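Trainee: The lines below spell out each chain.
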Amino acid sequence: MNVVTNNKWIGQRTIRPDGMDKVTGRAQFAADTTMPGMIWGKVLRSPHPHARIKSIDTSKAEKLPGVKAVVTSKDIVDFPIEKGAVMLGIQDMRWMCRNVMARDKALFPGHPVAAVAATTEAIAEEACKLIEVDYEVLPWSIEIDDALKPDAPVLHEFNKFDGKPSNIVGRLEHKKGDIAEGFKKADVVIERTFTTRPVHQGYIEPHACLISVAPDGKTTIWSSSQGQFMVRAMTAYLTGIPQSDIRAIPAEIGGGFGGKTIVYLEPLATLLAKKSGRPVKMVMTREEVMRATGPTSGSKSTVTIGATKDGKIVAAHGTFYLQAGAFPGSPIRGAAGCSFTPYDIPNLLSEGYDVCSNRSKVAAYRAPGAPIGAYAVECVLDEVAEALKMDPLDFRLKNAAKEGTKAAHGPVFPRIGYIETVEAAKASPHYAAPLGDGHGKLRGRGVASGFWFNAGGESSAQVNITEDGNVVVTTGHPDIGGSRAGIANICAELLGIDYRRVSVIIGDTQTVGFSNLTGGSRVLFASSMVVTQSTEKIIQTLRERAAKIWEIDPEAVKWENGAAHPASPNAGQFEPLTLEELAEKAPAMGGPIGAGVQLNTQGADGGFGTHVCDVEVDVDLGIARVIRYTAVQDVGRAIHPGYVEGQLQGGVAQGIGWALNEEYIYTKEGKVDNPGFLDYRMPVCSDLPMIDCIMVEIPNPKHPQGVKGVGEVPLVPVMAAVANAIYNALGKRFYALPMSPPKVLEVLEAPTQQAAE
Amino acid sequence: MTELRYLAPDTLDEAVGAFAKAGSAARILAGGTDLLVQMRSGVLKPGVIVDIKKIPEVTAIEQTADGGFRVGAAVSGMALAEHETFGKVWPGVLEAVNLIGSKQVQGRASAGGNLCNGSPAGDSVPAMVAAGAIVTVQGPDGRREMKVEDVPAGPGRTNLKPGEILVSFTLPPRPPGSSDAYLRMIPRTEMDIAVVGCGVSLTMKDGIVTAARIGLGAVAPTVLLVEDAANALIGSKLDDAALAKAAAACSAACRPIDDKRGTIAYRVKVAGVLLKRTAAIAAQRATQKN
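Going line by line, the protein sequences match chains W and U. Using the UniProt record's numbering, the first residue of the first sequence is number 1, and each one after it goes up by one. Using the UniProt record's numbering, the first residue of the second sequence is number 1, and each one after it goes up by one.
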């Protein structure tokens, strides 16, 4: 496989193809689509955290003038629990069918119980109020400690752990060596317990869809998601309509961050459209988004790390309990699998526990689980380094994983770039700069590292040369991180033409081959592989066409700067044939020029990052602010550096929110008390400094352009970096997120001993 | 489905007539930055909306004969910021009004709406209380005046009578050596609701405080006028002891709740911290002018 060098477009900050539409408001998001005869769907949601549904009477709602259809769980295809898992990606359809519409029990406030379609939104809302649900209200639990109590109400009675009905619905472990033996060798052992709160992905665009079901069953879905094929498959599973009859058209997406890798509305709207014979539109309110979608897990983690006096980690043990919400499936794989991975630790046990409780089912959130685990591990590492009187970056370097290190979750690392990220952080202007005077506020600096698996998987692409000699590339992944711009750069590079001649679009499910969803930082890695192979096929065709015209051997033709040339003077003297000329001649020379490739891509390398964070704390008000931040990451190859930096900066911004203010707050009744952006405090621009990025480029040898996924790693180290910086400022450790002003002040005002337990 | 009627009268008499006639189904629309949000979220479903922005008196900023100001209830934050002299005389009131919402919201949001929304956390209210503003209201029985601190009755409620509309705020003339300031604590840097808000208005002569008023927001069901804190400052040089005493008085005046925005302990402590910081800014402004 050739690594492209001497690039003209790869590595350039080209103008993003979706930019103009987005800044002028022309971009079509999910809620922007309308159809003649369209009606509106609304969802009736459970007010209770936990309740048995004894009966649902929809007769009054159905009689309300303007109501065209009502659906309940009876209309959704059931996947019986006892028949075993039916997996679609990471989702089990047994839980999906119960999440989109409660069956026997409502498991969180906001859990859908019925849905109505009516001629106006107001009528649909009114009709929801006329649906009579007879609930038997049950005891509930939300917090992990409550859900694990011996007498805790069990959400899924069929589930047993240690032989007893339990809310622990899953466990995994990664093991290496013998930790008992390892800890015996340690001179310093530090064990700490940490908690984090549920946080939402916070995409600005609420879930929305418009769905039409024709009388012959042909179904069209316009919706915003991280995978139109995922939407098609899940909707097919849950409605019984074959996939061949469902055309899922991806809208422009207003943020996803993992949270749009599952469906909520599409199956309901499809059934309402089928029943009513009318196109049905559904748009969630922000409150519905906050109550019933995402967020990621709240967590409780205990991490023990032992090291020798000379700074070598000899053993580590992590136990990560993560909230799954109503159904199994919290991201314990990310927490247990990623947290220790930057380090070469001979004796390691990393355990994850999946805990159900009465809150909404978790959805993926940027490196799912990994930031939660890294928060605990990287904070303990900071304490160990301090106990050893070592610089925290030197301590990491001393224990860094490198080529040949066997990770506890399985792989033996190929050439990886972790050490380079630590070295770059250490050499950064930021790490060398003095903290400066806080004018009464206390300043501190912290560092942390992080790892994410990254992914490959199925992708398809079709590359076509237009009749005028330009290029249209169709891929199958919603673009949430710059994949269109990256693909345009790569395709232009390979063809040797201006990137503006390459138009990259995202196909719908019936016009491009299967492509797995946008997630796992896989899209540019995977889609550039299929686009590269498609483009190479086209270049081969173009060479053959030129050879035919020149009546020479195709091997004697080279493709360069957008034109066919004789490979050498020996091949003959011919004027170059440009892409435009060959396109014009195409009808006479064998027909249209285009190629498609479909692959299950392999060879995604994991990603590593190391972050440096400065904070300033107003000790009288308890307000911590991040005043300087540098994110270093091994990005493989930055195809579009502007977008890569955007990914790094975006991840850091989300992590700062998670660290300082974001959290789900619940009322005494178990309902989310802050279901909106006013009281769910994501950072605003003025809360953040400019976030500096250092891109370390260690190309992935298994990828034609050296690409590694970059989208998820930058969230992983952030909370630990902020927490370690706050410790450095205040001399007090925090073991719970968020470090919001009331909580910071509480620790500052507590007697000294208490803070460190 | 109920219909919504929208009226935009040119005179106060018409507005009061329509408002009174519609009874509890009616709502006054100034900037609408609270009303429209409440309607969209389904909290409110008014039958009649009376838009008062076409009434000249309600959107005017005037300097009164005695040197004070009369600010119409529906004057937007941006309009107040652009006034030539208002912000020089009442920088604390202006900064408080300008903290309502975002820049975009400032084009609409008004001090009148902020007050009538009845939120204990409204930013402009503690500053208006500190300023000693008097409000003019007009209702079916004619006009009357109230102290601004007497308007809020509790969260979401006011002491205006049925049919009464807030017309304007009157701010008194300023003796030399006077200024004011407003600070709030929010977890973020903007786009947030005050966890504690503090307005301080001072008059100083030869480094000694001769008059002071202090308003505290978000620490009780209504915005508070904290006279004990003001008394602790009056006669002092804003020395540490006086500031500590005033801060303690602010903390003592708090009757907050634990909620999603802050704890009781946090609010009580922060009220005192903000008093010291706000007083320092007001004093610096007051002495700069001399």
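Hints were generated in silico from the structure; no laboratory data involved. This one's a predicted model, so the numbers in the text were calculated from it and none came from an experiment. Backbone N, C-alpha and C fix where the C-beta goes; we use that ideal spot for every residue, glycine too. Fair warning: there could be bad hints in the mix.
Restraint ranges, calculated between C-beta atoms of paired labels, are given here [unchecked claim]: (1) U:V43 x W:G277: 33 to 43 Å; (2) W:D468 x U:V37: 47 to 57 Å; (3) W:T24 x U:V43: 32 to 42 Å; (4) W:K149 x U:M39: 55 to 65 Å; (5) W:D57 x U:G23: 28 to 38 Å; (6) U:T85 x W:D18: 26 to 36 Å; (7) W:G642 x U:E227: 51 to 61 Å; (8) W:E749 x U:E227: 22 to 32 Å; (9) W:D21 x U:M39: 29 to 39 Å; (10) U:G235 x W:E287: 44 to 54 Å.
No farther apart than 16 Å at their CA atoms in a straight line, the calculated lysine to aspartate or glutamate pairs in the EDC-like style are these [unchecked claim]: (11) W:K668 x U:D258; (12) U:K260 x W:D673; (13) W:K743 x U:D259; (14) W:K160 x W:D57; (15) W:K129 x W:E82.
Trainee: Take the hints in turn and mark each one as holding or not.
Mentor: Do the hints match the structure? See the list:
The hint said 33 to 43 Å for the Cβ distance between U:V43 and W:G277, and at roughly 35 Å that hint holds. Between W:D468 and U:V37 the beta carbon distance is about 51 Å. The supplied range of 47 to 57 Å therefore holds. In this structure the hint that W:T24 and U:V43 lie 32 to 42 Å apart at CB holds, the actual value being about 34 Å. At about 43 Å, the CB distance of W:K149 to U:M39 disagrees with the hint of 55 to 65 Å.
Separation of W:D57 from U:G23 is about 36 Å and conforms to the stated range, judged on CB atoms against 28 to 38 Å. Restraint check, U:T85 to W:D18: a C-beta distance of roughly 48 Å breaks the suggested window 26 to 36 Å. In this structure the supplied range 51 to 61 Å holds for W:G642 paired with U:E227, their Cβ-Cβ distance being about 58 Å. For W:E749 and U:E227, the hinted distance range of 22 to 32 Å is satisfied, since their beta carbons lie about 28 Å from each other.
For W:D21 and U:M39, the Cβ-Cβ distance of about 31 Å falls inside the hinted range of 29 to 39 Å, so the restraint holds. A C-beta distance of roughly 52 Å is found between U:G235 and W:E287, which places it inside the suggested range of 44 to 54 Å. Restraint check: the Cα-Cα separation between W:K668 and U:D258 comes to about 12 Å, which is no more than 16 Å; the hinted pair holds. At roughly 7 Å between alpha-carbon atoms, U:K260 and W:D673 fall within 16 Å of each other, so this suggested pair holds.
The suggested pairing of W:K743 with U:D259 holds, with an alpha-carbon distance near 13 Å, which does not exceed 16 Å. A C-alpha spacing of about 34 Å is found between W:K160 and W:D57, which places the hinted pair above 16 Å, so the restraint is violated. Restraint check for W:K129 and W:E82: the C-alpha separation of about 34 Å exceeds 16 Å, so the hint is violated.
Checked against the numbered hints given earlier, this structure breaks hints 4, 6, 14, 15; the rest are met.
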